[in-house]
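Chemist: Now for the letters of each chain:
2 protein chains.
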Amino acid sequence: MDGLESKHHLNGSMFTKNPLLDPEEFRRQGYMVIDFLADYYRNVEKYPVRSQVKPGYLRERLPESAPSDPEPIETILEDVQNEIIPGLTHWQSPNHFAYFPSSASIAGILGETLAAGFDVVGFNWMSSPAATELETIVMDWLAQMLSLPKSFMFAGNGGGVLLGTTCEAILTTIVAARDRVLHRIGRESIHKLVVYGSDQTHCSFHKSAKIAGIHPNNIRKIKTTKSHAFGLAPESFRLAIEEDLELGLVPLYLCATVGTTSTAAIDPLGPLCDVAKDYRIWVHIDAAYAGNACICPEFRQYIDGVEKADSFSFNAHKWFFTTLDCCCLWVKDPNALVKALSTSPEYLRNKATDSKQVVDYKDWQIALSRRFRALKLWLVLRSYGASNIRNFIRKHVDMAVLFQGLVAKDERFEIVVPRFFAVVCFRVSPAAILKQLYSSCHQHCPKSVGDDSVNDVNQELLESINAGGRMYMTHSVVDGAFVIRFAVGASLTERRHVISAWLIVQEHAHAILGRKNCPCSSAPCEREASSVSSSLPIHSILNVIGPC
Amino acid sequence: MDGLESKHHLNGSMFTKNPLLDPEEFRRQGYMVIDFLADYYRNVEKYPVRSQVKPGYLRERLPESAPSDPEPIETILEDVQNEIIPGLTHWQSPNHFAYFPSSASIAGILGETLAAGFDVVGFNWMSSPAATELETIVMDWLAQMLSLPKSFMFAGNGGGVLLGTTCEAILTTIVAARDRVLHRIGRESIHKLVVYGSDQTHCSFHKSAKIAGIHPNNIRKIKTTKSHAFGLAPESFRLAIEEDLELGLVPLYLCATVGTTSTAAIDPLGPLCDVAKDYRIWVHIDAAYAGNACICPEFRQYIDGVEKADSFSFNAHKWFFTTLDCCCLWVKDPNALVKALSTSPEYLRNKATDSKQVVDYKDWQIALSRRFRALKLWLVLRSYGASNIRNFIRKHVDMAVLFQGLVAKDERFEIVVPRFFAVVCFRVSPAAILKQLYSSCHQHCPKSVGDDSVNDVNQELLESINAGGRMYMTHSVVDGAFVIRFAVGASLTERRHVISAWLIVQEHAHAILGRKNCPCSSAPCEREASSVSSSLPIHSILNVIGPC
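Taken in order, these protein sequences are the chains called V and W. Our numbering applies: residue 82 is where the first sequence begins, and numbers increase by one. Our numbering applies: residue 82 is where the second sequence begins, and numbers increase by one.
Bound-form chain V, shown alone (with noise of 0.2 Å):
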C-alpha cells in the first residue's frame, strides 16, 4: 500500500481502489456534496444576503502552502461551512435582488455534475458526437420557444452555439462582422471600422470591441433619453452612422439590447436593423437578461425585428434556470464566424470533419476547449418543461409588478423608469425628501432640494439595507439620478420575500429619512447623533439638507 491505492475486496473480487475515481469513493462523498447543499438551500436565507467579510479576510484564516498530505471530505466541507460561505455573496438566497438573477435549479446544477462527471472535452463533432450533437438539437428547441425566424436554426443554415457569457458572444459576432469588412476593404483598415451602442449598452460591448482591435476612439456610446426610456432612437443611430462616414470610417457593427442592465430598456430591433441594412452593418441583439423572458408570448414582442438581424444572443444562466456560465448565440451565417475564427491542425484532423457532415463548435467560439454545456440546458428544459419555465418566469415578473405597487402606494417613493420584465427602479423622491427636510422648519428657508442630495440620501438607503443583510439590490444611474434596482429572479423567491423586502425598504427610509431636517434647527442633529450610523458619511446628510 503506497499512499496512492489501497487493495479493496468487494463483491467478492479483488479491487483496486483507485483514489481519483473509484465508484464507491465517488459515491460516498458525492453523496455527502449533495446533502451540504440540500443543507445550504434550507439554510441560505438565514446568511446575510451581500457577504459581510472584509478583504483579505481568507488569507488570514487559511494556511500559506496547500498541505503536502490529503485531507479528509469532512474536514474540507466544515471549512467551506466556516470559512467560504461567510465570503460568499448569496445569489440563491431568495432576498438577493441584485444585479441580473444566477437562477440555479436541480436541474441546472445536476446537469452540469453531469458534465463534469463525463468530463469530455467537445471542441469537434469527433472528440464526441453527443455533446455537439445535443447542443445543435437543444438550441433548435429553444430557437424554436423563442419563435425565431429559421433562418437562425440549423435547417435554415443558420444556427446556435453555447458560450460561457455574453462577451464573448458580441466578441466572436463582431470578429466574424470585421474579418467579412477587412476581407473586402484590407487589413490595413482595421483602424477605420466603426462599432455601435448606446450609453446603456452593456460595457461587454465596450471590452470586446476593444479586445478585437476596434480603435477605441470609434466605440460610440450614442446617448439615449428618458423620453424614450433609454431605448435607442434609430435616428440617432443614422446621424451617427452618418457623421462616421463623413470622416472617413467604416460602419461595422451594431450592438441593440433587449433590457439593459440599468433599466432593462429596450432599443427598438425593427428600426435599428433598417437603418443598419443601408450600411450593410451587423446587427447583433444582446437580451442577456430578457431574452430569457422572451419564451413567454406576451413577452415576445420586445424582440419584433430580431428576424432582420445577424445575431442575437441570451444568458440561460440568468434566468433560465442553468447554472453559470451558458450563454446562448444564433447566427444567421455561421461560415462567417468559422472564417474568423476556425483553425486545422493536424492533430485535430479526423474523417468526420473531412466529411463536412458535422459541426465543429471550436470554429464557432473563441477558445478550442468546451464544456458540455448542452447537457444541463437539456435536463432543465425536459426537467420543467417549457411551460413550467414559461410560468416560473411569470410568476417573477408578477412579484416585480407587486413591488412596484407597494412603492406606487408610498408617497415618499418614485418609480424613475418604467418597470420592464423583473426590473423595478425606484429611488425616494426628491418631493418626499423636501418635504422631510422642511416639514418642521417654522423658519422661512428657500425650500429647495438638489439632484446630488436626492442621490446622496437613495444610495444612503441602499447602503444601509444592504449592510443589514437582510436583503441585496444594486443600484445604477441613469440620466443623473441614482436608482435603487430591485430585480427579481432567484430560483427561491415567493411573494412573502417581496413583502418582506419592502417592508425593510421602507424602515430603513423611515430611519434615514427621520434624521432629515432643515439644518435651520440644529436640535435634531443634536439629538439624533448618538443614533446615526457612523457609516453614513456626515457629508451625505449635509448635502441632503443644503444651504438653509
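No wet-lab data here; the hints were simulated from the structure. Source: prediction; values computed, not measured. One or more of the hints may lead you astray.
Stated by the list, open to error - Derived lysine-lysine pairs resembling DSSO-like cross-links, with alpha carbons at most 30 Å apart:
1. V:389 / V:307
2. V:231 / W:135
3. V:420 / W:302
4. V:437 / W:358
5. W:307 / V:135
6. V:437 / W:135
7. V:420 / V:432
8. W:231 / W:307
9. V:420 / V:437
10. W:231 / W:420
11. W:490 / W:307
12. W:127 / V:98
13. V:127 / W:432
Using the hints provided, position chain W relative to the given structure of chain V.
Modeler: Only chain W this time, still in chain V's reference frame:
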C-alpha cells in the same frame, strides 16, 4: 396546486415545495445523479472509447421540440444512458490515450458541483468575496508548487487568475501587450504588430492573435527541426525578428511552449526570453499540458527561464485532476491586463472596488461573469495533497516509459521523437514495412517504400485500432511523418491498461502488415481480399505496395 408548487407537510410544519431548489428534492435527485456517475465509472471501461455513432445519430432519436410538461429524472437519466452515452467519446476511460488527457477526479467533480450549487457570479470582489480571495490564495499555492518566482505571486505584485482555456490566457496577454505598445506607437499601427510562435505552437495562439486584430500575415510560425527535437531555436527567433524590423514591423509577443501538442516538445525558455528582452517583446509561456508535471522537482527544469517571462499558463483541467475548464494564468504585471481589460460601469461600482484594496478579476479576463473555479482546485489540492498529486503524475509518466519500452522491443516499430512527460510518439517503421512487403517476393523487384506509403500504413493502423473501440489514440504529423501519439493521463489508467493497449497495437499491426505484399505476386491480394476490411481504403494499400 398549479403545477408549479405543491404543499408538503414536512417536519411538522407546512412547507411550500419549490420545484427549482427544494432541498429534499435536490437531495433525492442528487443521489440519483451521483449513483449514475458511480455506475458510469464502474462501467466506463466496457464502452467503445471513441464513440461509434454516425453524424446525425441523435437528431433521429430525440423529439423535434422541447417537452411542454415536466419529465421525471428517472426517464431523463435513462435517456442519458441510452441516447447520450453511446455518443460520448469516453475521456475518463482508462483506455483513452488520445489528445491530451482530461483527468477528472472525485474532488474536481464535486468541487464543480459545489460551485454550481452556490452559483455565485464572481465578477468582482464584492459580488462574492470568497470566490476572489480563494482564487488568489490557490494561485499562490500553485505558484509555490511550481517554484514560480515571487514576481508572479501577489506578494510580489504579480498574481494568478483562473480562466477557462489557454486560448483565453493567450488572448488576454496578447491584448495586454498590444495595448501597452499601441499606447506608445499609436493605435493606427496595429497592423504593424508581429507575434511569434513556432510551427509546433498550438493553434490557439494563431486564433488568439487573429481575434486580437493582429494582421494574419504577421503571425510567425518559425520552423523547427527534428534535430532540435522540435523546440524553437533562439537564433531562428532572432532572425525572424530582425527580418520584421527591416520591414518596418513591430515585434510584440512570443508564445513559447513547454510540451507541444504534437510531440510534447520543449522550447528553450531562458535563451528565448533573452532574445525577447533585447526587443522588449512580451513572452508568454504556454505549458498547457506539461506545466502540470512541473510541480515535480525532477521536471521543474523544463520551465527554467520562466522567471524571465511575462506570463505563464497551464491547464489544470488537463493533468491536475480538475475538470474542464480551469486554465491557470500568472502575470508579472497585472496592471497591464487591467489597463487593457477593465470596465467600470456605474452598476458595478462599490466601496470595496473604490478602496483599491481588492482584486476585481473581471478586469483580468475577457468576460465579465465568472464561475467559482477556485473551489474545485482547492478541493483537489486538499483532497489529495501536493505529494500525492505529484505521484499521480509520476505514475502516468512511468506508464508512458513502460509503453515506450514495449514499443522499443518490437523491431517493427520506432519511437519517432524522444518521449517527454507521458506522451509517446511512435509508428510502424519504414524498415518494417519494406521488410514485410518484400519478404515473400522472389522476383528481383526494386526494394523501396515511399514516405507517403509509410504514413498510409500508420494512418490505417490508427484508424483500425480506434474503430475497434478498445482504446483510443490520436495522431500528428511532424517533419512529414505521420506519428501515433500515446498520451497517458486518464485518471483510471493502470499499468494493465497500458500493456493491454500495446497488445492491441501489435494485433492490429500484425493484421495490417500481414496484408502487405509485393504486388508482383498477385496471389495474396486474391487470397486475402475477402478478409480486408471494407473500411481500409484500397488506395492506401496500393500506395504501400508501390511500383514493383
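Chemist: All hints, please: hold or fail.
Modeler: Outcome of the hint check:
no. : hint          : result
1   : V:389 / V:307 : holds, 26 Å
2   : V:231 / W:135 : holds, 25 Å
3   : V:420 / W:302 : holds, 20 Å
4   : V:437 / W:358 : violated, 44 Å
5   : W:307 / V:135 : violated, 55 Å
6   : V:437 / W:135 : holds, 13 Å
7   : V:420 / V:432 : holds, 20 Å
8   : W:231 / W:307 : violated, 35 Å
9   : V:420 / V:437 : holds, 14 Å
10  : W:231 / W:420 : holds, 22 Å
11  : W:490 / W:307 : holds, 23 Å
12  : W:127 / V:98  : holds, 18 Å
13  : V:127 / W:432 : holds, 24 Å
Checked against the numbered hints above, the structure violates hints 4, 5 and 8; every other hint is satisfied.
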